[in-house]
Every structure is written in C-alpha cells, then in structure tokens.
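Asks: With the sequences and hints as input, model every part of the structure.
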Amino acid sequence: MYGSTKFSAIDLMDGFYQILMREADVPLTAVSTPSEMLWEWLVMPQGLKNAHATFNCMVSNLLRPYRDFAPSYFDDIFIHSRAAGGMMDVKMHLQHLRQVFEVTRENKLYANLKKCIFCAPEISVLGSYVSTEGVRADPEKIEAICAWPVPQDQMQLPQWLGLATYLHPTRRTSPQRSVRCRSF
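For the sequence shown, the UniProt record's numbering begins at 1 and goes up steadily by one.
Treat each hint with caution, since some may be false.
Taking CB as the label site, the calculated pair distances span [claimed, not checked]: (1) E143 <-> Y110: 28 to 36 Å; (2) P149 <-> G85: 52 to 60 Å; (3) M13 <-> N61: 14 to 22 Å; (4) N61 <-> Q156: 41 to 49 Å; (5) N50 <-> P149: 34 to 42 Å; (6) D14 <-> K49: 17 to 25 Å; (7) Y73 <-> G47: 14 to 22 Å; (8) P158 <-> A51: 25 to 33 Å; (9) D153 <-> W39: 49 to 57 Å.
Hints are computed from structural coordinates only; laboratory data are not their basis.
Here a beta-carbon is modelled for each residue, glycine too, at the ideal position from N, C-alpha and C.
Replies: Okay, structure coming up:
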C-alpha cells in the first residue's frame, strides 16, 4: 500500500452464508429442533472448524490476479491505487474498483455498504490507519495504552508488554531489555 494515494475498504456481507456446502457434507450440518424437525444447512454456517480458513482461501483465490492493489483479510478487501501510466489516481482507483466489483458480482459476493469506504485518503486496516504518509496507530489504542495502570507484579508485566508491543509488530524487543523488566 506504500505510495498509494487513494484507498477503499470493502466489507463482504455474511461471508460464510455466501458459500454453498458440498452436497455430501449437507447431512453433517443437520440440526434437530424442539418440534423434532431436522434442518440442514445448504450454505456454510458459522461455527464450523474450517469456516474462516475456507472463506479466506476463497476470497484470496478470487482476488489473486489483483493482489498488487487489492489485498484481502477474511471478509475485508482493501483497494489502493496511485497515478500510473498517464492515468490520474482517481481514474486508476475507479478502474481497480470495477475489476474487484466484477469478480465479486460474478461470484455472488455481496458488500455491506454501511461498512464500506470509497476513494478515501486514509482507511483503517486491522487496527491501524493507512494513508499516503504510511501507517499510523489508532489514537484510541494509544489512549488505552497510556491509561493502562503501571504493572505491579510479574503477572501484569507481560499483559502490558503485549498491549504496548501490539502497536509495533515489526519492532522486536531485545532479550536484554526483557531481562531487565523481569526483576520485580
């Protein structure tokens, strides 16, 4: 997403319910009701062990030709564009949106328009904000870390370190610093 100037986020609606069950697996989803009726799921219900992986794999495979500008994470598709080949960034972004929408339409994947963001200078991606300037932390998460009480014992220290290092996933804490933190 580095160097991009236009961003969109698409939230796919009811992702699991958009995947048909294999005919052989339909009886395995049977549920008995109090009135002794037997209901079988024709679409993938939530709660199946591999439901998340199946949906993520499906979306990733559908968007594979567009992964340079449309990465996905489960039911979210993030589209980013920059000016290229004599096209303005807005025109390029609209072209990217058309390509992604064509794939979603062909595969009957529907977006939740209330959660979608289009042609924005900045979008929220997995708890951080991405813009032309790069990636920055969500101010609410920074406030939560600042408001967190000072650790008082060895049990509270890993909790605080996990919370604080969440904002810096690429930065590793050296073993020497961790050793110094252990002496309570």
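Asks: Are the hints correct? Go through all of them and say.
Replies: Going down the list of hints, with the structure as the test:
Distance hint check for E143 and Y110: the Cβ-Cβ separation is about 35 Å, which falls inside the suggested range of 28 to 36 Å. Checked against the given bound of 52 to 60 Å, the beta carbons of P149 and G85, roughly 54 Å apart, stay inside it. Range check, M13 to N61: Cβ separation about 19 Å, and the 14 to 22 Å hint holds. At roughly 43 Å, the beta-carbon separation of N61 and Q156 lies within the given 41 to 49 Å, and the hint holds.
Between N50 and P149 the beta carbons are some 40 Å apart, a value that agrees with the proposed interval 34 to 42 Å. A hinted range of 17 to 25 Å holds for the C-beta pair D14 and K49, which are about 19 Å apart. Checked against the hint of 14 to 22 Å, the C-beta distance between Y73 and G47 comes to roughly 20 Å, which is consistent with it. Distance hint check for P158 and A51: the Cβ-Cβ separation is about 31 Å, which falls inside the suggested range of 25 to 33 Å.
For the pair D153 and W39, the supplied restraint of 49 to 57 Å holds, since their beta-carbon distance comes to about 51 Å.
The structure meets every hint from the earlier list without exception.
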